[in-house]
Amino acid sequence: AQTVTQSQPEMSVQEAETVTLSCTYDTSESDYYLFWYKQPPSRQMILVIRQEAYKQQNATENRFSVNFQKAAKSFSLKISDSQLGDAAMYFCAYRVGDNYGQNFVFGPGTRLSVLP
Amino acid sequence: KAGVTQTPRYLIKTRGQQVTLSCSPISGHRSVSWYQQTPGQGLQFLFEYFSETQRNKGNFPGRFSGRQFSNSRSEMNVSTLELGDSALYLCASIPGLADMNTEAFFGQGTRLTVV
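If you read the protein sequences in the order shown, they are chains A and B. At position 50 of the first sequence (counting the first as 1) the number is 56 in this note's numbering, and the numbers step up by one without a gap. At position 90 of the second sequence (counting the first as 1) the number is 93 in this note's numbering, and the numbers step up by one without a gap.
Think of the hints as simulated: they come from the structure by calculation, not from any bench. Please note that a few of the clues may not be correct.
[Stated by the list, open to error] Below, a list of computed lysine to aspartate or glutamate pairs in the DMTMM-like style, where the Cα atoms sit at most 20 Å apart:
| id | chain 1 | residue 1 | chain 2 | residue 2 |
| --- | --- | --- | --- | --- |
| 1 | A | K84 | A | E35 |
| 2 | B | K60 | B | E78 |
| 3 | A | K79 | A | E58 |
| 4 | A | K79 | B | E78 |
| 5 | B | K60 | A | D104 |
| 6 | A | K61 | B | E78 |
| 7 | B | K16 | B | E78 |
| 8 | A | K61 | A | D104 |
| 9 | A | K79 | A | D32 |
[Said to hold, decoys possible] Coverage of chain B stretches by chain A, computed from C-beta distances (three or more under 8 Å per stretch; other residues unrestricted):
| id | stretch |
| --- | --- |
| 10 | 56–70 |
| 11 | 87–96 |
Note that the coordinates shown come from a computational prediction; the quantities given were computed from them, not determined experimentally. Where a beta carbon is used, it is the ideal one built from N, C-alpha and C, also for glycine.
All chains, full assembly: derive it from the sequences and hints.
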């Protein structure tokens with residue numbers, strides 16, 4: 007069974023500083039997809055960044071980047087120049103399935119606070 | 004383009020009752036998935052529907068069921084409610100099934116409280 011672990015239940019960062027959220031996963035698949043979703047107080051899950059496992063280059067989206075270590079099954083999220091609006095729950099997720107059905111397996115989440 | 008719409012936003016029910024939640028996906032999206040979010044268990048997959056067919060199901064009891072209509076709108080039903088069913092129920096939509104890298108768009112959820 008696929009599992010996703012986020013070892014940091016809570017983290018805090020000063021505004022404008024950099025923070026890294028950790029995520030590890032377990033899978034026997036060779037090709038798969040990893041995601042980071044953000045859930046602000048509004049409760050709506052918002053995609054932050056995604057990574058295809060067969061791509062060795064780490065994904066980046068503006069201030070957000072990942073450190074994808076396939077052999078270690080690690081997928082950490084780095085947030086640079088943190089902003090107050092980055093405060094939220096962050097979920098690491100692994101997507102499983104095929105053309106006949108798919109779903110996410112989510113980690114337990116990390117609550118990020120941004121201090122002014 | 005309108006986002007994923009879930010109704011109602013909040014719901015309070017009594018143990019033993021049944022409840023129906025609704026999800027309207029983004030226009031053109033044919034796959035709808037449901038997730039249960041609780042503080043203790045986190046986000047857990049309930050089921051996925053595509054073209055009115057249930058394609059995938061999580062590990063939940065038969066009290067949890069769902070369906071999808073021809074316009075891709077989906078409903079989920081929970082019968083004989085238990086206190087442990089209190090949760091945020093999230094719906095997600097994607098265009099189809101072929102591309103596993105496709106972004107899933109989530110609604111704001113329905114907060115169900117069972118008393």
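Hints, one by one, checked against the model:
no. : hint             : result
1   : A:K84 <-> A:E35  : violated, 25 Å
2   : B:K60 <-> B:E78  : holds, 15 Å
3   : A:K79 <-> A:E58  : holds, 13 Å
4   : A:K79 <-> B:E78  : violated, 36 Å
5   : B:K60 <-> A:D104 : holds, 14 Å
6   : A:K61 <-> B:E78  : violated, 37 Å
7   : B:K16 <-> B:E78  : holds, 17 Å
8   : A:K61 <-> A:D104 : holds, 19 Å
9   : A:K79 <-> A:D32  : holds, 7 Å
10  : 56–70            : holds (count 3)
11  : 87–96            : holds (count 3)
This entry does not satisfy hints 1, 4 and 6, going by the numbered hints stated previously.
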